[in-house]
Every structure is written in C-alpha cells, then in structure tokens.
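Same order as they appear, the protein sequences are chains A and B.
Residues 0 to 334 in numbering that gives the first Met the number 0 are what the first sequence spells out, letter by letter.
Residues 0 to 535 in numbering that gives the first Met the number 0 are what the second sequence spells out, letter by letter.
Where hints are given, some of them may not hold.
Unchecked claim - Calculated cross-link-like contacts (lysine-lysine; reagent style DSBU-like; alpha-carbon spacing at most 35 Å):
| id | chain 1 | residue 1 | chain 2 | residue 2 |
| --- | --- | --- | --- | --- |
| 1 | B | Lys144 | A | Lys51 |
| 2 | A | Lys191 | B | Lys471 |
| 3 | A | Lys119 | A | Lys109 |
| 4 | B | Lys346 | B | Lys244 |
| 5 | A | Lys72 | B | Lys471 |
| 6 | A | Lys268 | A | Lys300 |
What the hints assert, rightly or not - Pair by pair, the computed Cβ-Cβ distance ranges are:
| id | chain 1 | residue 1 | chain 2 | residue 2 | range |
| --- | --- | --- | --- | --- | --- |
| 7 | A | Pro298 | B | Tyr35 | 25 to 31 Å |
| 8 | B | Lys471 | A | Trp120 | 25 to 31 Å |
| 9 | A | Glu314 | B | Pro344 | 24 to 30 Å |
| 10 | A | Gly180 | B | Met22 | 52 to 58 Å |
| 11 | A | Ile160 | B | Met18 | 47 to 53 Å |
| 12 | B | Gly20 | A | Lys119 | 28 to 34 Å |
| 13 | B | Tyr35 | A | Lys325 | 35 to 41 Å |
| 14 | B | Glu72 | A | Thr81 | 37 to 43 Å |
| 15 | A | Pro298 | B | Pro345 | 18 to 24 Å |
| 16 | B | Asn422 | A | Tyr130 | 47 to 53 Å |
| 17 | B | Lys138 | A | Thr237 | 42 to 48 Å |
| 18 | B | Met18 | A | Met272 | 30 to 36 Å |
| 19 | A | Ala118 | B | Gly516 | 54 to 60 Å |
| 20 | B | Lys138 | A | Met170 | 38 to 44 Å |
Claimed, not checked - One side only, chain B facing chain A, incomplete, derived with CB under 10 Å:
| id | residue |
| --- | --- |
| 21 | Lys80 |
| 22 | Lys244 |
| 23 | Lys302 |
| 24 | Lys307 |
| 25 | Gly341 |
| 26 | Thr343 |
| 27 | Glu372 |
| 28 | Ala375 |
| 29 | Lys379 |
| 30 | Asp426 |
| 31 | Glu429 |
| 32 | Asn430 |
To be clear, the hints were calculated from the coordinates, so they are not data collected in a lab.
We put the beta carbon where it would ideally sit given N, CA and C, even for glycine.
Chain by chain, the residues run as shown.
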Amino acid sequence: MFISLLAVIALGCIAWLGAASGFQYLIGVVLPYAAVLVFIGGFVWRMVDWAKSPVPFRIPTTGGQQKSLDWIKPARLDSPFTTAGTVGRMLLEVLLFRSLFRNTSVEIQKGPRVVYYSAKWLWLFALLFHYCFLLIFIRHFRFFLEPVPFALTAIEFVDGIMQIGVPRMFMSDVLVVAALGFLLARRLFSEKVRYISLANDYFPLFLLLGLVGSGIWMRYFAKVDIAAVKVLTMGLVTMNPVLPEGIGAAFFIHIFLLSCLLAYFPFSKLMHMGGVFLSPTRNLPNNTRAVRHVNPWNPPKKYRTYAEYEDEFRELMEEAGLPVDKTSEEAAAAE
Amino acid sequence: MSKLPTPDKLIATIPAFPMEGWMDTKPDFKPGTWCYPAKVDNMKALGMPNPHEWSADQEDWNLPENWEEIIYEGLKARLAKHRSLKVFMDICVRCGACADKCHFFIGTGDPKNMPVLRAELLRSVYRRDFTTAGKLLGKLAGARKLDKDVIKEWFYYFYQCTECRRCSLFCPYGIDTAEITAIARELLHELGLGIHWIMEPVFNCNRTGNHLGIQPHAFKEIVEFLCEDIETVTGIKINPPFNEKGHEIVFITPSGDVFADPGIYTFMGYLMLFHEIGLDYTLSTYASEGGNFGSFTTFDMAKKLNAKMYAEAERLGSKWILGGECGHMWRVVHQYMDTFNGPTPPKMEVPRSPITGTVFKNAASTKMVHIAEFTADLIKHNKLRLDPSRNDHLTVTFHDSCNPARGMGLLEEPRYVLKNVCNNYVDMPENTIREQTFCCGGGSGLNTDEIMEIRMRGGLPRGNALRYVQQKHGVNTMACICAIDRATLPPLANYWAPGVTVYGTHELVANALVMRGEQKRTMDLRQEELPGMEDE
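Given only the sequences and the hints, what does the whole structure look like? Please build it.
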C-alpha cells in the first residue's frame, strides 16, 4: 500500500520538478503523445493477444432459468438463449454491473445461523466511480473541440447545477473522489479485501486520486490559466503542438499523471475494461445443446470401443443373457 | 478417517485471518484435509503422465525431475488453448465480491479458500513466468517463484474447490474458478498427482462402462433385483431391456443410482415411469454411466469417457438419449458433449417425446434430454396419473445441484415435477437456491470420506439453510437431482439438520405414480409404510 502511495507521490513530484525546471515541453507535449500511443497500441495488443486463444467450449454461467419447454419462462438476460439475449446480458454487465448487483455478504451468527445480507455498496460506488469518470472524460472534450458543442455545455450545466462556488463545483468531481475514497477504504478496512490486495491494486487508486486531485486543485484552487491550457490541448489534437507561457505547475502534474495512467493501463488490471467483453462465461448464449459449439483444437476421439468391451466381457454377457454383437463362437472363429 | 468435531465445535474452530500474508503461509496437511493419492496402476492403465508413488502428508512427493518445465510448458500450452484461462489470469481486480460466496471459505475461514485467492495461487506463478511486470517486480506485482511448496498448495486448495461456479455468478467479469481449478488439476495430473477417489472411477468407467466398476452381468442382476423390489411394492413386474438394438431411446444415468442407497430408489422410479408410459427404450451396460469423473481429471479424459454415449446410441440405432438425474453429468452433457464428441451419429434425431409429441428444440443438436424436462412435459400434458397424497407425510424442499443450476439453468423443471407429486413443498432461503445454490460439499470428485471434515465445513451453508426450513416449516425431506448429492447429502443432513431424509426427485415421482394394474400401495419404494395407507 505504502509503496503504491509513495510511487504516486514520486510521480507527482517528478512532474512538479520537471515543470519547474524547464521540462514543460516534455511533460506537456512529448509524454502525452507517447502515452496515447502506448495506450492505443497496448490496448489493441492485449485484446488481440487474448483473442488469439480460442474459445474451446461454450461455458456461460447461467444466472437463471434455461430455455427448454415452451411453457416455462426462461430468463432471457441472465440465461440467454439467443444472440440478442446475450448482447442484452453483456450490456447489463458492462453498463450496469449486473453481477456485482447480486452481491451479498455472509455472517455466521449464534445458533448457528448463516445469514446473507444484501451488499450493494460496492456495486453503487463502483458504478458511481465509472460513470463519474466517464462524465469527467467527456467534459474534458471542451479542451479538444472548438467551438465547444452544445451537448458539452449542457452536460457541464447539469453537472454544476448545484451552483456552488466559482468556478461552479461539478458534482462529478465530488462524487468521483467519494467513490475512489470508498474503494480505497474497502481495501484498507475490510479484512478480506485487505488480505487479497496487491500493490497493483492500490497503485491505480492512488494514481486516479492523484489525477482527480490535481484536476480539482487546478480548477478550484490553483486556478491555472485555462485559456493557455486550451491553446496547448488544441495544439495537441491538431498535431500542431505549442507550449504557451505561464500555465502553472498544477496542470503539468495533472497531465503527467494522466500520461502515467494511459501508459500503465494496458499492462495492468485496468484492462478489465477490455477483458470483460471476452469473458466466455458471460458473452456466450446458453444454447449449447441446441447449437453445436466447435472447438478448433478438438483432439481426435480416443475411447474404449464397444467391441473392446465386449471382447473382455463376452462370456459373462452371454451367460447373463445379454445380447452380444459377436457370439463366443464367432469371436473364436475370427481368431 | 479423523474424528469429526461436533457442529458447534466445528463452527467455533473457524479461525480468524492469519497475520502473515498469504504467500508466507503454507497448508497443514493434517488428516481429514487431503484426499488419498491415485493408485499408480490406475494412472498407468489410463496413460496418465508420470505415474508414481506419493502421499500428501509426506515431505517429498517424488515429483518428476523436470517438474518445473512440465508446469511451465503445461501452463503455456493451456493459455494458448483456453481464452478463458488467459483472460481470467489477467483481468481480476481483486474486488473481493467472490470472497464470501464460496462454501469452503464460509466453512473453513481459510483465506485461500476465497475464490480470488484460490485463483491467485495459479495467477502468481503465471505473472512470474508470463508477464513482464511479474518478471521485473516479483512479489511487489503479486508474482512468486514456482517451488515444490506451491505445488503442494495447489493440490491442497484445488482439491478444496468443487467447481460449483457460485463465485463466477457474482464476479463482475464472470471469472470462473471452476475453469481455473480444472486447469490447475490438469497441471497437477501432468506431474502424476491425482486422487484415488477420482482416478479409480475413471479407470472403472473406461473399462466396465461405469464408475463403480459394475460388470455387465452384474449390472443386469442388480437392476433385476431392483425390479423385484418394484414388484413387491406395486405388484407389477418390469423387465427393462439391456443393450437391445432398435429402441427409440437409450437411457443413461449415473451408476450410483444402480448401486447405492438412496439412489437405487430413484432408479426404480425411472423404471416405473418408463413402464407406465410404455417408453420404447433400452439401458446399456457399455454406456452405463451418466456421470463423468473424467471431467474432474482433464478435458481429454472427460471427452474419452463421454464418447461412449454417442457411440452406443449409434450402435443400438437409437434416435436420442434420455439422461437421468445427475449434476456434473449435465454440465458435461449440456456444455461439452456436443463439442467433445459431436456432431451426433447420423441416425439420431431431434428428441421428440413419443408420449406427448413435444419436440425438445433446446436439445436439437446434442440430442439428449434431461429427465426432469421429460417428466415435466409428461405432467404438463396430463400423461401421468398421480396421487401426491402418498407423499403427504413428507414436507419437501429441493436442493439445486450446482451444475444444472449454473451450468445449464435447470431450475423450474424439477420444481414443477416436485410440486405435482408432493403436496407440501417449501424452498430454502433465496440466497441458497436456484442460481445461488450452495454445493453439497462433495462435488467435483470430493465426495470421499477421508475428507469428511472438509465436506461438512463446505456443507455448512447448505446444511444451515436446510436446518432453517426444517425448523421453520417442518421440512423432513430434501429432494435432489444428482447422484453425488444422494451420496453426500445424507451425511450432510445428518450432521447439520438431523431428521431430514434425502430423496431423488424420481423416487418421489414413482411414489405418487398411479400405475395401471398396480396393487394398493401401502409402502413407499423404500418399503416403509405409507402413513394413512396401511393395510386395513
């Protein structure tokens, strides 16, 4: 945990020192380009690498009634029979975290009684984090588009509708910090989760907190020169990079941590973003008895044939009056 | 066998989390926690790699000299063959949603029985050998070196997983520990490490056609003996066909149903049902096993044992296969069989119930129908005369077997059947049934007596849910659709909910079944007096 925290603090310091000592072009222009390349290249490579391994068996985890008899209502989404149902299941999984929504926690009470509680906090905060992050990501398109489309302005209006402070406080900023805080607190205070957590579980959390924190700091407190930032970001997207003067260190910390996140992403557990689409227990229909699934490396059949079986047990079978393909006489004659 | 603690003591001894990290703790191979090793002769006869003498409680497991290379190459090959494994090795975020979903974790409190850590046991080695971060950062990135203790740990924990897939249901990415356990067991088998309770049935099944090693003549004798019992109860003499060609259907069920109490009553139930509806079927002694312990060994072994079903249907010229009550059998039949050994023999046809005319389109390709589907259809079409009051002394609940629940979705069919043959039916609490069902504690070949304490620990959630409905609703009967359940649930019920008796679903069907020409029923299939129906 501490190593991950120190690592993120170190990254922040590097960015701050770098910005202060003349590496602004490196941090503000070169690294973002490199990070985006690594992100795209790495992401594609990982997906291709996974996809190279075939899916030998159709093994959906069925979360409800199968389709069998006409009068039994199947669970079309939790146990999909059709492609449409499977797409629906994946959409529920990816957009609403269906499986996590099932979460329970168990407790053994006196009696003994094993008791199950609904436990949707993880689902709620995980969903909150992902959607706030998405919203923030979308809001940032203000820096990459000129003129700023109306839809973006509308999103910003809604996000800032509480009308707190100047500049307006975005709810998504508050919620994303709260959600990250919850996810971190779980890792620290839940005995089970703490026990399984690795440095590579804490690192992305701290990195994201650093990223979001630096963003909030530059927007609400450091109040960096937004116009100058936009000149830089527009330069980046138009492949015509320029480095305006006087942007402020907070921005360089922010963009450096973002570059780190992008470059780290494909090589980390954050790839669950792509991997979830390839999970064979979710993305396949529960119709294996109706439609044959082909295994590309299906080995040739090797089994003990009936003839071999009968050869061993022929006399016993005849004695017991069981039918045989070859009688003892026929078998003897064949030898 | 080690002595079993009392239920209270068992719960009191669930330990707290250890202080040390999981990489620094080692399993304690005390009696009652590990399965006996497979016999060298069996392993040799099946052509398994590196058969050798060893035992889990010994310091030296006599691993083959190049064991590290075997594991490395074995894991590499499987990563290239199974996208599931590759994706599941990479995308876990350790959110912990799976942690308390595992019956073994609930009952043992051992953190390595949390599905996430069970997977990390393999993942840590994967990271070290197959990821750059793991190579560079080592332990910091959750990687560790493969050593002999890791192999021991794998053996300990991958044989404390019943491949029930409950964790997979709750995982936001669908990471399936059954898949990871199956592949980890394959790797262990590469080193010659297998367990007796699995490999003996596999050996038997290959040779005699069934797990129990029943030879053809004995199989016929046993079934005829069961038919005598049916005659005692009903007055009807049944002569089931064996290995006969030209019948429409081959019926295949786990051999446990032929052999062991209370499975035999379920088997009698099948025979009575088929007789009553005049089904054109045959039994087979060659394919006399529905279950598939090969599926607890390797994918190839599962395929090898399963191949007999289609081969026999082809030889006998049958149109389709009807399958009996079994859990893992139906995982294999529903999700693997057609892929393993299909396409089906050319003369097989899409299953159509000869009684109701229902076409089982859901089995159009595999051409194998579950008996609960078949019977539910019969009842729906009013093809059975039933007297559920014969089961009135029973208050019944239903245990969903893991595999039909989460690897098939067979949830309503057995309930529909049960509610039609029993007047008193109650479900257990919702977090313990249907797709959320809990394992009997002995799935995936772990139904062996030398690990009885582990089984009872793993059986805690199921047993406790049963006790709950026993106390609240007076449940005295647990019905199931699985031969392993019929072997594992009686000791579980005895331990966690004494007073509950375990029945196969088709035993209850046959008790209620009014057969043409039967004598007045005064006994159930167990030849126990039916209350209120005694001779006057």
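A quick look at each hint next to the structure:
1. B:Lys144 - A:Lys51: Distance ~27 Å between B:Lys144 and A:Lys51 Cα, so the pair holds.
2. A:Lys191 - B:Lys471: Satisfied, since the Cα-Cα distance of roughly 32 Å is no more than 35 Å.
3. A:Lys119 - A:Lys109: holds (25 Å)
4. B:Lys346 - B:Lys244: Holds, at about 13 Å.
5. A:Lys72 - B:Lys471: Cα-Cα ~29 Å, so holds.
6. A:Lys268 - A:Lys300: Distance ~38 Å between A:Lys268 and A:Lys300 Cα, so the pair is violated.
7. A:Pro298 - B:Tyr35: 25 to 31 Å: holds (30 Å)
8. B:Lys471 - A:Trp120: 25 to 31 Å: holds (29 Å)
9. A:Glu314 - B:Pro344: 24 to 30 Å: holds (28 Å)
10. A:Gly180 - B:Met22: 52 to 58 Å: violated (28 Å)
11. A:Ile160 - B:Met18: 47 to 53 Å: holds (49 Å)
12. B:Gly20 - A:Lys119: 28 to 34 Å: holds (30 Å)
13. B:Tyr35 - A:Lys325: 35 to 41 Å: holds (39 Å)
14. B:Glu72 - A:Thr81: 37 to 43 Å: holds (40 Å)
15. A:Pro298 - B:Pro345: 18 to 24 Å: Roughly 22 Å apart at Cβ, these two residues keep to the hinted range, so it holds.
16. B:Asn422 - A:Tyr130: 47 to 53 Å: holds (50 Å)
17. B:Lys138 - A:Thr237: 42 to 48 Å: holds (45 Å)
18. B:Met18 - A:Met272: 30 to 36 Å: holds (35 Å)
19. A:Ala118 - B:Gly516: 54 to 60 Å: With a Cβ separation near 57 Å, A:Ala118 and B:Gly516 satisfy 54 to 60 Å, so the hint holds.
20. B:Lys138 - A:Met170: 38 to 44 Å: Cβ of B:Lys138 to Cβ of A:Met170: about 40 Å, so the range 38 to 44 Å holds.
21. Lys80: holds (6 Å)
22. Lys244: holds (7 Å)
23. Lys302: For B:Lys302, the interface hint holds, since the closest Cβ of chain A sits about 7 Å away, which is under 10 Å.
24. Lys307: holds (6 Å)
25. Gly341: It holds, given that the least Cβ distance between B:Gly341 and chain A is near 5 Å, below 10 Å.
26. Thr343: holds (9 Å)
27. Glu372: Nearest chain A Cβ about 5 Å off; hint holds.
28. Ala375: holds (6 Å)
29. Lys379: Result: holds, 6 Å to nearest chain A Cβ.
30. Asp426: Given a least distance of 14 Å, the restraint on B:Asp426 is violated.
31. Glu429: holds (9 Å)
32. Asn430: holds (4 Å)
Violated hints for the displayed structure, listed by number in ascending order: 6, 10, 30.
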